[in-house]
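My request is simple: use the sequences and hints to build the entire structure.
Protein chains in written order, with the working numbering: chain A, 1 to 194; chain B, 1001 to 1388.
Quick caveat, the hints were computed from the structure, so don't treat them as lab data.
Errors might be hidden in some of the hints.
What the hints assert, rightly or not - Derived, one-sided and incomplete: chain A residues facing chain B with beta-carbon distance under 10 Å:
1. 40
2. 57
3. 59
4. 60
5. 65
6. 91
7. 95
8. 100
Stated by the list, open to error - Computed far set for chain A versus chain B, every beta-carbon distance over 12 Å:
9. 49
10. 110
11. 127
12. 160
13. 172
14. 175
Stated by the list, open to error - Quick list of simulated restraints, FRET-style, between CB atoms:
15. B/1251 - A/189: 41 to 47 Å
16. B/1036 - A/178: 22 to 28 Å
17. A/159 - B/1200: 53 to 59 Å
18. B/1026 - A/26: 50 to 56 Å
19. A/28 - B/1173: 36 to 42 Å
20. B/1036 - A/22: 31 to 37 Å
21. B/1103 - A/132: 56 to 62 Å
22. B/1289 - A/156: 55 to 61 Å
23. B/1131 - A/132: 56 to 62 Å
24. A/42 - B/1334: 31 to 37 Å
25. A/189 - B/1350: 55 to 61 Å
26. B/1131 - A/28: 43 to 49 Å
27. A/178 - B/1076: 47 to 53 Å
28. B/1358 - A/132: 57 to 63 Å
In this text, all values refer to a predicted model and were calculated from it rather than measured experimentally.
For every residue, glycine included, the Cβ atom is placed at its ideal position computed from N, Cα and C.
Next come the chains, spelled out residue by residue.
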Amino acid sequence: MDPLLKIVIVDESPIRAAILEDGLREAGFSQVVHIEGTANLLARIYTIDPDVILIDLANPNRDVLEQMFQISRIVKRPIAMFVDQSDTASIQASVDAGVSAYIVDGLKKERMKHILDLCISRFNAFSRLQGELDRAKTALEDRKVIDRAKGILMKAKKLTEEEAYALLRNTAMNEKKKIVEIAQSVITASEIFK
Amino acid sequence: MSDKRLRIGFIPLADATALIVAVDKGFCAAEGLDVELVREVSWSNVRDKLNIGLFDAAHLIAPVAIASSLGLGHVKVPIVAPFGLGVNGNAITVSPSLHATIVAVADGNILDPMVSARALARVVSERKAKGLEPLTFGMTFPFSTHNYHLRFWMAAGGVDPDEDVRLVVLPPPYMVESLANKHVDGFCVGAPWNSVAVDLGIGFILHFVSEILVRAAEKLLAVRAQWAKENPDVLTRLVRAHGRAADFVEDVANRDEVSAIVAAPNRVDVAPEVIRRTLDGRMKVAPDGTVRVNDRYLLIGRANAARPDPAQAAWLYAQMVRWGQAPMSADLLAATKAVFRPDLYDAALGASRPLPASEPADGIGAFSGPAFDPDDIEAHLAACKIRR
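Laid out in structure tokens, this is it:
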């Protein structure tokens, strides 16, 4: 590992950037800089003069980075990782994960592969976390809808909480729908009948 | 016939109209094509996903298709374009203060691009004499029509785009913001962004690109050459669907429906009225509401706009050579022309129609310099005083 390798992360998501930065530091890369915001992106990158630039694919600034190839004045000439197509699998994996790398020409391929693999796994870990968070949020929202529907049924049909829930569940099973969908219908209907 | 599934990438711009209508209005489905449109945020992404096969086809800016085919600045993946998604459609917008300065020093009517370019040259040398920072202009990509259109215009007036001003790449959605906070003094971009700047009162449209080049190929429906070879039938169906969509778009009676389809939140995501203005070529050019009408602002299906013209490819290659992005070579010129495939267009949509009389004789119609000869790039370059 080369702890002197300078790595720049361009990512709009501060959480994902932090996850990636941690991973790179754990792997022994001590010179990692996260660039935030879009103003003067190229100028800031030139000042840092990195060996590797990592950018998320959802970032429109990728096109700004492409301008680096056009400017011969800078000492180091970065190239996109896609230029080397020998490792199609890892390119595919990185695009799927949503990250792209620009590296200084001449950087050894094995070293880059290590960094890229690390990025891919961190990016994937982040989207798993995001997915779990989204599911947790949805579950919470569903819970609220079902609770409201139960309340409406308990009041309208003089049911206990258990009976109201059983009614929602049985209706859902009969109609091959989700409980939350039936609950939503109950709420909508009750609003119409108000 | 079981539906063939395709993934097609696009950038949210008005010149994706034929593609969006082909898919959302059912022209692709009628050809047995089940298309998933994938909205992208950068030309780099579109190019890379097309190159590695994540996209079957893409809404691609013409010079990127050429650069990819020639291996310029990036991996070499031959691309072919059987259909043109738009001719023209770009505009040059400047800040109110630069607009006022250009008007003040202009020797004549600034609607004439030669007058405005010479005025810009005067502004540039006055700034230099005062020791002010050079003007900065935004464009969308190193290999972009916007880059070449800006350069062609200003160089004709005596401004060296590499020495006298700064040209910076800006993603289209950031153009307006950059003009507002004075990071740039002007930009060249496609619709709807010029209109957005005018509507916000922070920009004046100085020129439609159709005033600089009467006919300028802009976006292409692009596929990998290999994919075209392996899927000739699917390609024909895809081009046919696009031909029908382009005709539908050009029928003025359909414009409101088209504008609503294209403006949808999952497509270009702007007010339908902005798309309508673009398609009609009725552009608000100044914050005070001044409207300029130009029926060539964006051509989608009319005047053979959708039929790829190798002369257009040659003109773009000539700009790459002019500005030092590509070496001059007969082989590269031939490879460039082979990107634009009128034969594939004709195969799907029937024998080609001759270019209407409204169109320039050389197929380009540049406002300055001799007529363009696609077989003699050197003559074009020899007439350019400013070049690399």
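Which of the stated hints cannot be reconciled with the structure, identified by number in ascending sequence? Nothing - there is no hint that the structure violates, so all of them hold.
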